Amino acid sequence: KAGVTQTPRYLIKTRGQQVTLSCSPISGHRSVSWYQQTPGQGLQFLFEYFSETQRNKGNFPGRFSGRQFSNSRSEMNVSTLELGDSALYLCASSAGTGYGYTFGSGTRLTVV
Amino acid sequence: GIQVEQSPPDLILQEGANSTLRCNFSDSVNNLQWFHQNPWGQLINLFYIPSGTKQNGRLSATTVATERYSLLYISSSQTTDSGVYFCAGGAGGGADGLTFGKGTHLIIQP
Chain F
1 KAGVTQTPRY
11 LIKTRGQQVT
21 LSCSPISGHR
31 SVSWYQQTPG
41 QGLQFLFEYF
51 SETQRNKGNF
61 PGRFSGRQFS
71 NSRSEMNVST
81 LELGDSALYL
91 CASSAGTGYG
101 YTFGSGTRLT
111 VV
Chain E
113 GIQVEQSPPD
123 LILQEGANST
133 LRCNFSDSVN
143 NLQWFHQNPW
153 GQLINLFYIP
163 SGTKQNGRLS
173 ATTVATERYS
183 LLYISSSQTT
193 DSGVYFCAGG
203 AGGGADGLTF
213 GKGTHLIIQP
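Residue numbers (the numbering used here), protein chains in the order written: chain F, 1 to 112; chain E, 113 to 222.
If you are wondering where the hints come from, they were derived from the structure by calculation, not from laboratory data.
Fair warning: this is a prediction, and the values are worked out from it, not measured in the lab.
Hints are not guaranteed to be accurate.
[What the hints assert, rightly or not] Straight-line alpha carbon distances no greater than 25 Å define the calculated SDA-like cross-link-like pairs of lysine to any residue that follow:
1) E:Lys214 x F:Tyr99
2) E:Lys214 x F:Thr53
3) E:Lys166 x E:Ser131
4) E:Lys214 x F:Gly40
5) E:Lys214 x F:Gln18
6) E:Lys166 x F:Thr97
7) E:Lys166 x F:Arg15
8) F:Lys57 x F:Gly42
In isolation and in its complexed conformation, chain E is listed as follows (with noise of 0.2 Å):
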């Protein structure tokens, strides 16, 4: 199956630090995604971006597909931004199901 790894593992900043994390997948995927894990569990969804990029206010992601890598830009760090960051993406349109990488584990200083 296709296997997800995601950098760093850990990232402590300062609020208002900048950031990018990085997201390489071991085959193609073609419904790569982002989310943002909070600490109550609630995955929300960032970016669905299979390649290009997107950008949503303070967040950004590129997608490079030919090359099976992901990242994902936070600027203007806040505090509300902690959490768990994790990829994922699949093979299928949707019905291989998501493998998520192990996240990046985001902690903003005040």
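Just chain F, with the same shape it has in the complex (with noise of 0.2 Å):
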């Protein structure tokens, strides 16, 4: 079956203007979780989505943004971009409790 796609691989923005990045999950799979990795803070949790609910959040501001559609596929927004908003945003989905998580390959996000 077809993994987690996450569309545009790569993206160049503008500081100042904002960014929408999606997410397809697995079939079947109603969790979809979004990371955030740079070279200076890691991997890092943004937020997870259950069946159109947002369950948690990590610690972003709010510029950092998302929803979660009825057939389960994911967007993030980011608005007002900055320069540190630069690094590659990856997306995992899940069958839920129990289960691991299956990643995307990832939206490389440039911030210019």
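Assembly of the complex is requested from the two constituent chains, each provided in isolation within its own frame, with the hints serving as guidance.
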């Protein structure tokens, strides 16, 4: 079956702009979570959605937001981009409690 | 929050060698997982192992939940094993998200 699909793979944005990243989970998986990876901070949890509800959010400013649709696809949005938002953004899906996470290939965002 | 410590941070081995990677948690976790990140950034799930021992080919993992640590064993290393190995876990069933360690950077030389 198809894996976790993230689009786009690469993105270059200018400071102050906003960006929307998309994630399609494995068919049947209702849990989708997002992570930011930077050389300095490593992998950090952004938020997790289950059946269209955000169940938890990591320690990130309000500029970072997300949502999940009824088909389990998820989007995350970053508004008013800053240079420090340059990172690899990874999405993971899971069948639920007691199951491992499957990650997508990520979206590499560069803010200039 | 939960702290995850991985050791060693870097490891250089010759092809065919065996290795053991360790992961310590500051508190109990119930969804401990091991991942391998390849040079292109793809995170591959190796094991979902909240407790006990699992094996998959040349890789095996053991988690001692009561002592809050996990070990990843790689036997007969191949150059394709190179990359960064992460362990991660969370306190909740999934809603809390995963806390990742800083990883072990493994280089297998031919």
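Each hint tested on the structure:
no.: 1; hint: E:Lys214 x F:Tyr99; verdict: 22 Å, holds
no.: 2; hint: E:Lys214 x F:Thr53; verdict: 29 Å, violated
no.: 3; hint: E:Lys166 x E:Ser131; verdict: 16 Å, holds
no.: 4; hint: E:Lys214 x F:Gly40; verdict: 10 Å, holds
no.: 5; hint: E:Lys214 x F:Gln18; verdict: 29 Å, violated
no.: 6; hint: E:Lys166 x F:Thr97; verdict: 19 Å, holds
no.: 7; hint: E:Lys166 x F:Arg15; verdict: 46 Å, violated
no.: 8; hint: F:Lys57 x F:Gly42; verdict: 17 Å, holds
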